[in-house]
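Engineer: Chain by chain, the residues:
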Amino acid sequence: MRPFRRQILFALAALFTCVAAPALAKPWTELTPAQQEALSPLAKEWDTLPDRKQRYFLDLARRYPALPPAKKQRMHSQLEYWSKLTPEQREQARQKYRAFKKVPPATREQVQQMVHDQEVEKAAASGVPSAPPSPK
Amino acid sequence: MNEYLDIDATRQLLNRSLGQLDQSTLAALRQAREQALLRHAASERAQWKFGATRHPAAAWFATLLIVVSVFGGVAYYWQQTHDNGDTDLAILTDDMPVDVYVN
Numbered sequence: 001m002r003p004f005r006r007q008i009l010f011a012l013a014a015l016f017t018c019v020a021a022p023a024l025a026k027p028w029t030e031l032t033p034a035q036q037e038a039l040s041p042l043a044k045e046w047d048t049l050p051d052r053k054q055r056y057f058l059d060l061a062r063r064y065p066a067l068p069p070a071k072k073q074r075m076h077s078q079l080e081y082w083s084k085l086t087p088e089q090r091e092q093a094r095q096k097y098r099a100f101k102k103v104p105p106a107t108r109e110q111v112q113q114m115v116h117d118q119e120v121e122k123a124a125a126s127g128v129p130s131a132p133p134s135p136k
Numbered sequence: 001m002n003e004y005l006d007i008d009a010t011r012q013l014l015n016r017s018l019g020q021l022d023q024s025t026l027a028a029l030r031q032a033r034e035q036a037l038l039r040h041a042a043s044e045r046a047q048w049k050f051g052a053t054r055h056p057a058a059a060w061f062a063t064l065l066i067v068v069s070v071f072g073g074v075a076y077y078w079q080q081t082h083d084n085g086d087t088d089l090a091i092l093t094d095d096m097p098v099d100v101y102v103n
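Quick mapping for you: the protein sequence lines, in order, are chains H and R.
Mapped onto the working numbering, the consecutive letters of the first sequence carry residue numbers 1 to 136.
Mapped onto the working numbering, the consecutive letters of the second sequence carry residue numbers 1 to 103.
Extracted from the complex, chain H is given alone in its bound form (with noise of 0.2 Å):
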């Protein structure tokens, strides 16, 4: 073991800068402002979502910036039910969403519309306005 010892401790170093270096998990307030802005849906629950959920959503902060204003609203809008769901769920939404990219264009519309007619129909039933589809 000793004739190892310093190949190891390389070996520990590297992985850790690998692993644990990119996003380390933080309470809320210890974030930065844009990080802050971006999981502002979380706020109030962030200090109890484990380590490996924080990571996970503090890599969806870093893409928050680029996003236009019109996205932006559109993910702070999902993102506190995007954060209840399971991870089984969550590839599951993935599988379906990247199943439906490959549906033809005009089909893919035809469901929207029908999608958004169904939210309208909730939203007037329930007397809350429902959000127009936000432009790709």
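Simulated from the structure, these hints should not be mistaken for lab results.
Keeping only pairs whose Cα atoms sit at most 16 Å apart, straight-line, the calculated EDC-like set for lysine to aspartate or glutamate is: (1) 72/H / 86/R; (2) 44/H / 30/H; (3) 96/H / 95/R; (4) 84/H / 99/R; (5) 53/H / 80/H; (6) 26/H / 51/H; (7) 84/H / 51/H; (8) 26/H / 47/H; (9) 96/H / 99/R; (10) 96/H / 86/R; (11) 26/H / 59/H; (12) 53/H / 91/H; (13) 71/H / 37/H; (14) 101/H / 86/R; (15) 72/H / 95/R; (16) 71/H / 86/R; (17) 72/H / 59/H; (18) 72/H / 37/H; (19) 53/H / 88/H; (20) 101/H / 95/R; (21) 84/H / 47/H; (22) 71/H / 95/R; (23) 84/H / 45/H; (24) 26/H / 45/H; (25) 44/H / 80/H; (26) 122/H / 99/R.
Following the hints, complete the assembly by docking chain R onto the known chain H.
Structural biologist: Only chain R this time, still in chain H's reference frame:
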């Protein structure tokens, strides 16, 4: 030839010879013995040290292999995560509500 040697007889012969040796010879023999023991101890230490780094190239190669494997695994993991991150962001900013993809 060795099979004809009587060990006990040889030992007695040597002991008798030892008794006939003068003091200066005995002192020289003792000194030679001590020097031999010292050399033996030094040789053992050197051998241990050499054993520790007997194959430094192999040790570093093994380390390199481990590090490359670890880096490869981590790179694959991050690539997967990154791909998922792109998809997740697309889902979150899509016109379609998230629950459409979940249910």
